[in-house]
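Asker: Sequence:
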Amino acid sequence: MVVSKTEKSGPASVLAADDALPQARGQQRELPQQFSASSALSFAYVVTNSWVGYSGTFSTALLAGGGPAVFYGVIVAGIVCIIITLGLAELASAFPSSGGQYHFTYMVSSPKTRTACAFVCGWLSSLAWCLATVSGTIFIAQAILALGSFLNEDYHPRQWQTYLVFLALIILATAMVCLLAHWLPRLQEVMFWSSISAFVVCLAAVLGMSKSKQSARVVFTQYENETGWPDGLSFLIGLGTCMYMFCATDAATHIAEEVPDPGRNIPKVMWLTPVIGIATTLPFVVATLFATVDLGEIVRSELPILTLYHQATGSKDVAAIFTIWLIFNYFGGTVAGLATSGRMAWAFARDNGLPFSGTLATVYPRFQTPVASTVACAVLMALYGLIYIASSTAYSSIVSMAILSMNVTYVIPQGILLFRGREKVLVDRYFDLGRYGVFVNAFSCVWVGLYTVIFCFPTIMPPTPSNMNYLAPVVVVIVVLILVVWYGGKKKTFFGPSVVIAEALAQESSIAIVSKRVIPS
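Under my numbering, the letters of the sequence shown match residues 229 to 749, in that order.
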């Protein structure tokens with residue numbers, strides 16, 4: 229980050245300093261500064277798209293406790309994710325970079341541990357983004373085929389067909405990200421308003437067209453636990469699924485170098501994303517819970533949200549139209565997720581953190597986007613998707629790994645910051661948590677630590693091969709992979725972010741750039 233040697237010098241000076249970032253690096257800007265604050269917010273929201281994400285994941289929470297598990301789970305998950313995001317946003321304000329969490333980790337760690345910690349965080353973040361994008365795209369493929377089965381009862385989708393649709397979606401998203409890079413901000417704004425419009429229309433239709441309503445008792449107090457776990461633990465398991473709806477709030481950090489005044493705009497985008505998420509998801513949750521006729525049928529159905537729309541509206545055509553709109557909005561998340569994955573991999577490769585970093589870090593002027601890293605991520609996603617054919621249970625564990633690893637990367641720098649001392653490590657920044665910083669960092673670490681354990685539990689008891697949670701073995705495989713890459717050569721060649729951290733000295737209307745690295749010791 230370009231930081232001021234004096235006290236906070238006000239918006240004008242901060243803007244000038246942040247705009248000076250590429251020059252402070254001693255290099256030309258590789259990606260165009262094409263995102264405005266509003267398009268950056270659209271981009272970040274479309275990735276999370278909380279109410280749309282709820283449509284794809286709420287059945288697990290229903291299984292864990294019925295309406296109350298979903299309603300209260302969404303509230304708690306939203307508040308928790310806002311708190312975690314606030315801690316991350318402060319770091320993004322202090323050290324804006326497309327590298328995101330691994331860059332933050334390097335900057336706040338001690339000299340002896342910073343390269344190793346940053347390397348682990350970079351790998352976890354890169355894998356998490358690929359896994360998260362895969363999970364959403366697999367759902368789209370499932371929804372498309374389930375819709376076909378809904379309209380034609382003689383059709384029964386196969387897993388290999390789901391994979392082929394998934395592959396086609398990944399190819400289409402890759403082409404859009406690489407070939408339409410200039411239009412990406414506008415596309416995300418279109419997707420944002422499409423999502424908001426769909427929310428309003430679906431909410432009104434579900435409430436207006438439903439002929440009967442569930443009682444308030446069913447929605448808010450009648451706890452129906454079908455997991456086999458004690459009620460408290462089942463709620464926590466369902467709550468973990470609700471966290472998926474607000475996941476990926478770091479998306480904006482990975483376009484920091486494409487946004488003006490990132491030290492100011494990126495944190496604002498980050499905390500606004502889950503706030504909008506709660507504001508849209510909670511009313512939709514209440515409406516859908518009141519409008520359902522048979523919660524059991526929804527939980528057992530092939531595509532719960534389609535069954536819910538059908539129950540609420542009583543019309544196959546309306547249910548199909550709403551599901552198509554849902555698929556369209558979900559695909560916007562795939563495009564944004566792939567773009568984020570590619571930028572995360574590009575930033576990490578730029579710092580020599582990945583195999584074939586020289587190739588992956590290349591940005592071709594013609595495309596003005598990291599094509600090589602984006603295509604590499606798409607190929608990796610295609611390979612991940614093959615696991616769905618082999619075992620949908622193992623695939624579900626990988627989805628859990630996406631949520632877990634992403635949240636772990638959010639708290640690694642926060643934990644180090646807390647351990648080393650906030651005042652000692654943090655530099656001058658626009659977004660400052662002040663006296664609330666210690667609570668935010670500590671709460672984030674404790675919460676993610678708790679869910680590191682809970683995510684390893686099977687959803688249903690007693691566990692069987694078909695419902696077993698294989699997250700623990702997946703974690704072991706990823707840890708081994710990171711260790712192999714680290715000791716296989718990256719330990720000697722990865723030195724952390726190659727960005728030259730400069731000090732901007734604001735003197736009236738001019739800013740002098742001192743080319744030196746400013747890293748907390």
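No lab work stands behind these hints: they were computed from the structure.
Hints are supplied without guarantee of correctness; some may be wrong.
Here are the simulated EDC-like pairs of lysine to aspartate or glutamate, each with C-alpha atoms no more than 16 Å apart in a straight line [as the list claims (entries may be wrong)]: (1) K544 with D660; (2) K441 with D522; (3) K496 with D660; (4) K439 with D522.
Asker: Now tell me, hint by hint, if it's right for this structure.
Answerer: Results for each hint:
1. K544 with D660: This hinted pair is violated, its Cα atoms lying about 51 Å apart.
2. K441 with D522: Judged against 16 Å, a Cα distance of about 11 Å means the pair holds.
3. K496 with D660: holds (12 Å)
4. K439 with D522: Roughly 13 Å separates the two Cα atoms, so the pair holds.
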